[in-house]
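Kindly produce the complete structure, drawing on both the sequences and the hints.
Chains F and S, in that order, give the protein sequences. When the letters of the first sequence are read in order and numbered with the numbering used here, they come out as residues 1 to 125. When the letters of the second sequence are read in order and numbered with the numbering used here, they come out as residues 126 to 270.
In case anyone wonders, no lab produced these hints; they're calculated from the structure.
DSS-like cross-link-like pairs, simulated, lysine-lysine; straight-line CA separation at most 25 Å:
hint, chain 1, residue 1, chain 2, residue 2
1, F, K101, S, K206
2, F, K111, F, K89
3, F, K95, F, K106
4, F, K111, F, K101
5, F, K111, S, K215
6, F, K95, S, K215
7, F, K101, F, K43
8, S, K206, S, K227
9, S, K227, F, K101
10, S, K206, F, K43
11, F, K43, F, K95
12, F, K89, S, K215
13, F, K106, S, K215
14, F, K95, F, K111
15, F, K106, F, K89
16, S, K206, F, K106
17, F, K106, S, K227
18, F, K123, S, K215
19, F, K106, F, K43
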Amino acid sequence: MNEGKLTRESRAPVEQAALLPPVDVIEDASGITLYADLPGVSKDRLHVQVEADTLTISGEMDLAMPQGMAATHAEVSLPRYRRSFTLSKELDPEKLSAELKNGVLKLRIGKAAHAQPRRVEIKVG
Amino acid sequence: MDFSLFPRDVFADLGRLHRQLQDAVEFSPSIRGFARGGFPALNVGGTPRSVEIYAYVPGVDPAGIEVNLERGVLTISGERKSGLGGVGAKDSVHIEERFTGKFRRVITLSDDLDPDAVEARCRDGLLHISIKRKAAAQPRRISIQ
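See below:
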């Protein structure tokens, strides 16, 4: 009968709790540069994803802890980071480059050609 | 408080508020000031044979980090340069949350550690310092005669 209503098949996956990495975002004439602090994340555990107009940065820390270690003081309480941003239309996801160095991600997103700045001439009549 | 009038990311602002509240409310048990919210963030753990310290130092050149151990006090210090150095006059900074400037964090260690058996490694902006316990303090199995 109405079984389909009771079992939702397309349920969104439950997201694990993650740290919100601090970022700097700078815009210049040709694009946006984003820096994110992701200490402990190696290149193969970092994910940068653009879906529709949402940019998601996520990463898993590579923690090789000695066996039998008991934490006595913890300021970083989760082993993963995640943060999302909404991109505006003038940014071109095709013009995206990422660089990871010393635990800092540098992301560069270029602007679409039509969105590059033009100086508007003001005519004095 | 650095809240903008038109918040771009409500959760980021909430996270910031949470941090600030935590800094303000939490009583610090150490004479050396606030134990939390500093840069670099620290995690400390212990095993029967060693003490492991993890300092989160993203964007800092490992060669520029100074780790000192003196009279049972471990100091991690250095400087993180601003990533906004190349910002031109026409560029705009939309979000600025990352730490910049000099940093220094101090940890008091327990007496049973061996100051000569310290190892420090830095990878992906994570500094791992391992200090062995003195041989006399390590757990031993005593055989019954």
